[in-house]
Amino acid sequence: MGRQQLQRTFYGLVSIGGIIALWVYLTGSGRVTPIILPPPADVLEGAIDIYRGYLSVPWYEHFRASLVVMLTGYFSAIAVGVPIGVAIAWWRPLEVVLSPLLAVLRPIPPPAWIPLAILWFGIGLAGKAFIVFVAAVVPCIMNSYLAIKETPQELLVSARTLGASQRTLLFEVALPSGLPAIMTGLRIALGTSWATIVAAELVVSLAGFGFLIMNGYRNLESQIVMVGMIAVAVIGFLMNWAFLLIERRLVPWRETDD
Amino acid sequence: MMRAAADCGHAAVDLQPPGDCGARAVAGFRVALGSRSIVMTNDLEYENVVMEFRGRGATVRALDTFNFHVAESEFVVVVGPSGCGKSTLLHMTAGLMHPTAGRVMLGGSIITDPGPDKAIVFQNFSLFPWKSVRSNIDFGLRINGMPPAERNELIDRYIKLIGLDGFENHYPRQLSGGMQQRVAIARSFVMRPRVLLMDEPFAALDAQNRQLMQEELVRIWSAQRPTVMFITHSVEEAVFLADRIVVISRRPGRVKKVLDVTAVAGASHWRMDPFEDVIRRPDFQELRAEIWGLVKSEIQLRS
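Protein chains in written order, with my numbering: chain V, 106 to 363; chain G, 27 to 329.
Hints are computed from structural coordinates only; laboratory data are not their basis.
C-beta atoms are modelled at their ideal positions from N, C-alpha and C, and glycine is treated no differently.
Keep in mind that the hints are not guaranteed to be accurate.
[As the list claims (entries may be wrong)] Label-pair restraints from in silico Cβ distances: (1) Pro212(V) to Phe79(G): 37 to 43 Å; (2) Ala126(V) to Asn195(G): 45 to 51 Å; (3) Glu316(G) to Thr289(V): 53 to 59 Å; (4) Trp318(G) to Tyr116(V): 54 to 60 Å; (5) Pro300(G) to Pro198(V): 55 to 61 Å; (6) Gln258(V) to Glu316(G): 32 to 38 Å; (7) Thr289(V) to Arg82(G): 30 to 36 Å.
[Claimed, not checked] Stretches of chain V that chain G covers, calculated by requiring three or more beta carbons in the stretch to come under 8 Å of a beta carbon on chain G: (8) 257-269; (9) 280-286.
Just chain G, with the same shape it has in the complex (with noise of 0.2 Å):
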């Protein structure tokens, strides 16, 4: 957290809740840049993780005893076979579904509740289609309190950030998916996060728009740095994007492999450079096939 004061200034700026919702949502900052200067880190701990759903009688299993620590920072992919409990990880670090069993924990606190500490894309953008650009991204800084003068100056730098000026007072539905993802992003982002949760977001794009919102996302992460959880089915998304790559087991979920990225992908990793040239690279093929050999065994296995 302390390096969100250092750059560009964004967090500097005083975010003091006029209520009880802006309180838990600008909790992070408080902590962070108060006096006492508590050191506060965006790790994720996964511990022993159990979620069951109760179905007509039976019992489902979607995870079990799931083990994973993400660090500070850290751009982690998960991939695996449909069903195997991805988004049900996802879901439980925003804080929107509960553990069975076991402990999920930012920072050493067990997550509790949704906030804008903890960011969602999604693979449908869900954005509010009653809202121009402008007021999608400015939606969560609002509710939670900050003055509209600091507000304005950021969502401007974001719109910029994401390319979409002159398109601030579209609506949603006026812009093509890549833009309304990237309208996603920059709501997202604009929080100051410290864990970004991407559920498949690139999944409803096409090929073309895929790759380019894979460069972009990768531009954005890097001015801020957020902790990422990644999900997607695509391999070669994964290897491109992460720094490690956690392979689930078909259901219940558990950690099948870990595979260190940053190992192969050089000191300045390889995301920093265009799609089409890293894809083309042998040690980027030979992980790629690596990992697409782990998805698929847990995929023929289920059947």
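Just chain V, with the same shape it has in the complex (with noise of 0.2 Å):
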């Protein structure tokens, strides 16, 4: 398991230093303009550029700004999500009214929404937030509903026959059971999130890392563009880990001691 996990993290350091070399290499060797390209050592300012306060925004204002739209539209999407799936997996009557209007509100990408929802609730938090939400209830809706719909027939039945009421076979099988099935979706939903929050701020904003990427390529400064997108890469990438690691404390029957 150790020699495993060693193995796997020496080749995802030698796939990206590849990619930073390769980086380095094209830029360095004066084939690829800055603007097309920048180099290493220009991102790097950029980076310095905006602790500095790049366009007069502190830095962490851009933390803040995506971190707090992307976390209220998550949360209030785990909120309305993981009940509805839930609900609609378990009651035949609602799955039977509310399918429908779910297969059909699923194919509209998330950022279609975003006039509506600028419409609706305005350029700020509450507007961005509404975006990541309806594109992060999605997975929430769509895991929940899988995760109790394949609960298994024999635990329930086993349950039934040691005297379990509708209540405790919702409450005490059917959702541990689907438990890492619903994990699974709040951790799709998380990518969702944060994907989507990018899009919003490309769109409308004042801070944050979608502002930054928008503004750093209005102004043709591609080394602020860069700087967005590996602080998005790497805080995306953070997050996911960070998730992995509370799930596997959630989860703990998934595990083997042996």
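Dock chain one against chain two, each of which comes alone in its own frame, and use the hints as you go.
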């Protein structure tokens, strides 16, 4: 296990290192102009620029702006999506009524909601959080729904023969049994939320990573664009990693000790 | 049910249900132990039972006028070709299905709902993977509202009984198949069921474990002696464990023959002896051959 982990980390570093080497080579050889692809040194400079307050926005404002919006949308999506997914999986009449509606709404890509979100909720927190919500609520609903639907029949039957009521079946059998799949949905939703907030900020924002990327582009400062992109990647990676840690804590029966 | 109060004091526990789900679950105890001493029997009666399943267009008859009576504390093993309705029979007895016609009765009353007085043990163990051994055994007691102190005492006793002390906090997937099935058996027995329904419980185990589990089951069963309906494909297992064996015909299932093992197995029944000794007995072999002949003829007729 430990050995495998090490190997994977090694190959991961090799592939990332390879890309950086290629980047250094291409920009250093003078074949690519800095506007098309800024060299690493420029990007570092861009990062310092942002740290010192690029466009007089303090650096932490970008973190704050993006994260607050994302987390607001994400947690409201969980609060709404998981109960809906569970409910339509558990109560047949609800499924019949709601699933066609979901089937129709689902194909609309989240960015398509941006205009309506702004009209309905304004360009502040609420409008952007709504866009994140729309994006994140789909995996929350779908995975919770499947998680409950796929509760092994024999577990439900066993619980019934032990005297479980409908309520006990839902809360003590179906939900814990589906928890791993629900958690997977929440993790997918986390990634979706993050990608979506950046997209939303491209359209309307005064700070945040989407804002940095868009302003860098408008001012032909490719190094700022790249700092924004790298920051989005690193934060996204860290969030996923943190989520996996929490998931392992919440779903310990998935692990084997031996 | 009266014997329940006599041994080990478990049934004397005051199981006052806190909610409606508990009421049904412990009804058996209350009636048996209430001031009005109603004598409740744990016999099973199958009366002209017919079970049909409606498929696309066609209706399949799984069981056809099945008539049989299982006496209280009797160990009955059901054998028959695949698809003869054995599992259907067990599911109906558990209250998970209802017969198309006829009646299935436990202690004289028609079985309507599943509940802890009718425990089932499945081939695939069906333990809750997110619960430890301890919590798995605890589940039925807890949801039926038994107080924690009594539950803990009972669980300790049953964990010892199945020889899993030291594994209380393991998750099912950390255990071997045999150990998992012992937990499933303990989870059923701890509820003090009036009938124990076993659906090929040892089919997923290897030969050695199967043999060990058969002996273990006899040991645990002897202490409590619930009425048992046990389904198996193994004729040897049937002959070793059963008081009586019911051979069911191919679909639609009917009673083909009932064989009384106790007549051959002696006063103390050979299941109390080691399996490897018993299978060498000529009378065991003879009975095994007879039953296999009956089952085989049903399988051959089919093709």
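Now for the hints, and whether the structure bears them out:
{"no.": "1", "hint": "Pro212(V) to Phe79(G): 37 to 43 Å", "verdict": "holds (38 Å)"}
{"no.": "2", "hint": "Ala126(V) to Asn195(G): 45 to 51 Å", "verdict": "holds (50 Å)"}
{"no.": "3", "hint": "Glu316(G) to Thr289(V): 53 to 59 Å", "verdict": "holds (54 Å)"}
{"no.": "4", "hint": "Trp318(G) to Tyr116(V): 54 to 60 Å", "verdict": "holds (58 Å)"}
{"no.": "5", "hint": "Pro300(G) to Pro198(V): 55 to 61 Å", "verdict": "holds (57 Å)"}
{"no.": "6", "hint": "Gln258(V) to Glu316(G): 32 to 38 Å", "verdict": "holds (37 Å)"}
{"no.": "7", "hint": "Thr289(V) to Arg82(G): 30 to 36 Å", "verdict": "holds (35 Å)"}
{"no.": "8", "hint": "257-269", "verdict": "holds (count 11)"}
{"no.": "9", "hint": "280-286", "verdict": "holds (count 3)"}
Violated hints: none; the structure is consistent with every hint.
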